[in-house]
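**Q** Each chain is listed here by its residues.
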Amino acid sequence: MCVGLPRQARWARPVLAAGWLVVCGMAMACSHGCALPGGVVAWPGVFAGGPDVMLLVPLGLVAALARTPRDCSASFGAALVVIGGGVVSSIGAGWVLLALCRTPQAGRRHAPDMMALLLVAAGSRSPGHVDYLLPGLCWLATRGLLGLSLSLRVAPRGLRPFHMADIAAMIAAMSLWARLPAGTAVADMRWGGVLIVAGCLFYMTASWRALRAPDARRVLTGLAGGTGAIIITLAGLMLLARADDLPGMAACAQRTYLLVAGLLLAGVLGARALDVMECEAGALSLGRLGGLGVLMPRLSALFALALLAESGLPPLLGFSIIWMLLRLLASMPHAGGLAGEAPLLLALAVLGVGWAVRMLALVRIVAVMLCGRPRTPRGAGAADPPAQEQWAVLVAGLPIVLVSIWPGWWLALMQGAGGAGGWSGLAVVALTSPDGGAALHPARLCLFVALVGGVVAVVRWLACRAPTRQVAGWQQGAPGVPPWMVFGDPLTQVGPGNPARMLLDMVAAAPARQYFVRDYAHGLRLARRLVRVGAGRVAGAACWRRVPGPVVLLAACVGALMFIAWRGQG
Amino acid sequence: MAPFLAARMQALLLAGWHMALVALMAPVWIALLRWMAACMEGERRPPAPLAHWRVLRHAWRQAGVRSAAGAQVTAVAPWLGLAAGLAAAGLVPSFCIGLPGSDLSDLLIVGGLLEMAFLALVVTALAAGLARPGHAGLKAACMGIMIQPVLLLVCVVLGLCLPDGTLAGLVRQAHVADMNVVRVPLALVAAALVLAGVEESDGAALRLFATMLEDLAGPDRAVALYARDLLAVVWMMVARDLVWPEAIVEPDLMARSWRGVSLLEAMGVWAGHMLLACGCVAGLRVFVVAAGRQHAGWRAGLALLCALMAGVLLFAGRGAD
Chain A
550 MCVGLPRQAR WARPVLAAGW LVVCGMAMAC SHGCALPGGV VAWPGVFAGG
600 PDVMLLVPLG LVAALARTPR DCSASFGAAL VVIGGGVVSS IGAGWVLLAL
650 CRTPQAGRRH APDMMALLLV AAGSRSPGHV DYLLPGLCWL ATRGLLGLSL
700 SLRVAPRGLR PFHMADIAAM IAAMSLWARL PAGTAVADMR WGGVLIVAGC
750 LFYMTASWRA LRAPDARRVL TGLAGGTGAI IITLAGLMLL ARADDLPGMA
800 ACAQRTYLLV AGLLLAGVLG ARALDVMECE AGALSLGRLG GLGVLMPRLS
850 ALFALALLAE SGLPPLLGFS IIWMLLRLLA SMPHAGGLAG EAPLLLALAV
900 LGVGWAVRML ALVRIVAVML CGRPRTPRGA GAADPPAQEQ WAVLVAGLPI
950 VLVSIWPGWW LALMQGAGGA GGWSGLAVVA LTSPDGGAAL HPARLCLFVA
1000 LVGGVVAVVR WLACRAPTRQ VAGWQQGAPG VPPWMVFGDP LTQVGPGNPA
1050 RMLLDMVAAA PARQYFVRDY AHGLRLARRL VRVGAGRVAG AACWRRVPGP
1100 VVLLAACVGA LMFIAWRGQG
Chain B
96 MAPFLAARMQ ALLLAGWHMA LVALMAPVWI ALLRWMAACM EGERRPPAPL
146 AHWRVLRHAW RQAGVRSAAG AQVTAVAPWL GLAAGLAAAG LVPSFCIGLP
196 GSDLSDLLIV GGLLEMAFLA LVVTALAAGL ARPGHAGLKA ACMGIMIQPV
246 LLLVCVVLGL CLPDGTLAGL VRQAHVADMN VVRVPLALVA AALVLAGVEE
296 SDGAALRLFA TMLEDLAGPD RAVALYARDL LAVVWMMVAR DLVWPEAIVE
346 PDLMARSWRG VSLLEAMGVW AGHMLLACGC VAGLRVFVVA AGRQHAGWRA
396 GLALLCALMA GVLLFAGRGA D
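Chains as they are written, first to last, in our numbering: chain A, 550 to 1119; chain B, 96 to 416.
Some hints here could point you the wrong way.
[What the hints assert, rightly or not] Where chain A lies over chain B, by a calculated footprint (3+ residues, C-beta under 8 Å):
id, region
1, 134 to 143
2, 164 to 171
[Said to hold, decoys possible] A few chain A residues that don't get close to chain B, going by computed Cβ distances all over 10 Å:
id, residue
3, Pro618
4, Gly839
5, Leu943
Keep in mind that the hints were calculated from the coordinates and are not lab data. Even for Gly, the Cβ is constructed at its ideal location relative to N, Cα and C.
Make the full structure from the sequences, and use the hints.
**A** Here it is, written out as C-alpha cells:
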C-alpha cells in the first residue's frame, strides 16, 4: 500500500517480516516436539502451551505481509492472545480490538466486548465457577473480532474496511474459542445449539452486508464476517460433540476448524491484491471501479482466485469447508421424528440462503470491479504493478492453493506432534465425514477439473484459429449514459441493477414490502409509546430518549430469571 | 496386475463413451424438449432432433464478434463454463458406474461445478459492461442462485439415505436394497433440483439468457449456448439418476451377463428416461412455472418447498419406524 510505515521506518519492514517468519518456524518446531537444549521455561498462567499455539503459523504469514502500523500492532496483539494464558490472552484481545477501532466512536461500541473480555479473564482465573457462562461471554468478547452482527445496515460506521488487522483479529478470536474450558454437559449442549443457530443467522446477515457494501474492502469485510459465523457454528458443534461425548464428531469439527484457519489465507491474498489495486487504480469504491480484468489481468486473476476460494465452489478450500460443515450438521445428535429434525432443516435452509447471497455478492464484485470498463480516468490508467509486487501477491496466494489441493499437510502441520496422526497425517489426502462413511478427495477433484479444463483449452486452441473481431459498444461513443444503465456509471448499483433489490423482489413484491416497512415503523412507534406510558412518562416529554431506569431493571430481572430457569432445568 | 490394468482400461473406455454420448446428445435433448413444450402449448409440428445442432453449427461458423470492453474476459468465460459443465457431466453416471471419477460423484461437487458453469455464463454477459446483457445476467444470477439452499437440503436428505452421499453409491445401494421406501423423497429431491437448476423449465429465464448473449457472435456464442444446454441436460441426468438408480448397470453385473446387450439395454433405458425427463421439464415450463410468471421467486420457492417436503417425508418416515 502507498500509505504504509513512515519513510524512516521503511527499512524495518523486511526485518519485521523476517522476524515473523522465524516465529512461524519456531512455532512449528515447538509443536512438533523440538526443544532447546536447556529446556523450556514454564511460566504457567502467563504463557500457555498447547496445540493452538500453531495458530502462530497463519498469524506469522499475516504479520509478515502487514503493511501499516495498525496491522502490525493488531498482529502483535493477536500473538499475545495465541501464546498467552487466560489473562494475557484477554489483554491481547483487548489490544487487537483497540487496534481495529479507527475512531473513538468505534471504540465506544466495543465497550461490551471489553467487559466480556474482563469477565472471560476472571473466569479463566477461577475455573469451575462461571464455566457455564463462558461460551456466552466468549461470544460477546469475540463479537467485534469476528465481525458478528445481526445488523443488515452497511453504513461506514457499522462496517469497517478490510485489512490485515481483521485477519489477525479473526485468528485471535479462533484462539479464544479453541481454549474454551469444558462446562457442564447440559450447559455445553444448550450453548452448542444456540451457537449453531446464531452462526447460521450471522452467516446470512454477513452475506447480506457483503452484497450491499459500497466498496471492495467492505465487501471483503462482509465475506470475512461469514467466515466468522462459520467459526461460531464450528465452536457450537465442538461444544455439542464434547457434551454428547462424540469423539468422531469432535475430531471432525476440530479438523474443519483448522481448515477455516487455512481459509483465512485466502483473505490474506485478497487483502494484498486489494492493497496493490488501491495503489494502482485509486479508491476502491465500487462506483468508481471497472474493467480491471482487462487493465490488470494478472492481479485480477489472483484476486479472482481468492474470491473463488472464499465462494465455496469446487475445487478450492471453501468448498471443502462447506462439505465438512454439511456432514457435521447432518451428524448432529438429534431427537427422532419430525420435531427433532425441523431445526436442522431450517438451519440448513438459512445457511443455504446465506451461501446464495454470498455468491451473489461475489458475482456483484466481479461484475463491477473486474468486468465492464473503467469509469474514471484514474481507473483507466491502471495497469499490472511491477514484477516484484506481482511476485509478492503470488507468494501470498501460494499457501491457499497448497492448502486447497492437499489439506493433509496443513492439518498435519497444525495438529503437531500431539495431533491424531502427527507427520503421518501428511499422507492423508482425503477429508472424511464424522462417521467415516463419506470421503472427499480435494487433490483428485483439482486434478479432474484441471484435466477437463486442459482438454477444453486444447480444443479451443485447435478450433478457434480465426481471430475474433472486437467492436466498440455503443456506450463508448458520444451518447450520454442513460440513468437506467446497469454498468458504466457511478450510479450503477441503484435502480434496476441492484442485486439486493432483485432478491427482495423475489421474496415479496415492492408494494407489499412498502406496506411491511410502513407497518413495521408504525409498530415500532407504538411500542415506544407503550414503553413510555408503562414507565410513567407522558408521551412527548423532553427526556423520552432516555431509557427509563425501571424498565431496564425489570428487563434485567426477567432476563436473569429466564437464564436461571434455563440453566436450572439441567 | 493384468486384471487391474484391464479394469482401468475398461473404465477409461466407458468414460470416453459416456462423455461422447452425453456431449453429442445434449443439444438433441434440448431440441426435443422445446418441441414437447411447443406441442403442449398447442403448436403442431414434427420433431426435429437435430435442429439445435444446426443452430450451434450456424453460430460457430459466423465471424467472431465481441465487445471491445472486457474482450479478454468474454473470450475465456464461455469456455470456462464449458469446462465446468463437462467436468460435471463426467461425474454423473448415465448408463453405467465404475467410471474413473465415480468416487467424486458427490451431489455437492456436481452441483458446485454446475453452479460454476452457470456463473461463468453470467460473467460472459457481464464482461462487456453493456446495460441490457448485464442487467439480464444479474437478474438470471438472482434467479439461478437459489439452487444453493436447495442443494444443501438435498445433500443432507441424500446423506440420510446413502452411506457415502455419492450418486455411484446410490446406484450400488439400489442394486442391493429396496428403493421404493425412499422413492417419493428422492422424486421430490429430483423435482427440486430440476425446478431450481434447469432454466428450460422457465420461459422467463430463457428470455433472459437470450438477452445475455445478444451481443456475442461466433464460436464464443456457440460455446456459451452449448454450455447452457449441457447444464440443463446434466441437471436432468442427476434427476433421472435419483429417480431410477437401478436402471444403471454395475461393472460386476456386466461381467456376469453378455456385455454388449447389457450396455445397449442400459443406454436404451437411459434414452427413454431422458425423454421422459424432457417431457417433465416441458410440462413444468408450460403448466407449473408459467402459472406464477408474475412473481420472480415462484420457481425458487417451489424448489425450496419440494426439498423441505422431501426432508419432512424422510424424517416423518423414520420417526414412524
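**Q** Run every hint past the structure and note whether it holds.
**A** The hints, checked one at a time:
A count of 0 residues in the region 134 to 143 of chain B with a Cβ less than 8 Å from any Cβ of chain A is obtained; the coverage claim is therefore unmet, three being the minimum. Coverage of a stretch by a chain is defined here by at least three residues with a beta carbon nearer than 8 Å to that chain's beta carbons; for the region 164 to 171 of chain B and chain A the count is 6, and the condition holds. No Cβ of chain B comes within 10 Å of the Cβ of Pro618 of chain A; the nearest lies about 37 Å off, and the non-interface call holds. Listed as a non-interface residue, Gly839 of chain A fails to keep its Cβ farther than 10 Å from every Cβ of chain B; the least gap is roughly 7 Å.
With a least beta-carbon separation of about 19 Å from chain B, Leu943 of chain A lies farther than 10 Å from that chain, consistent with its non-interface assignment.
Comparing the model with each earlier hint shows violations of hints 1 and 4; every other hint is respected.
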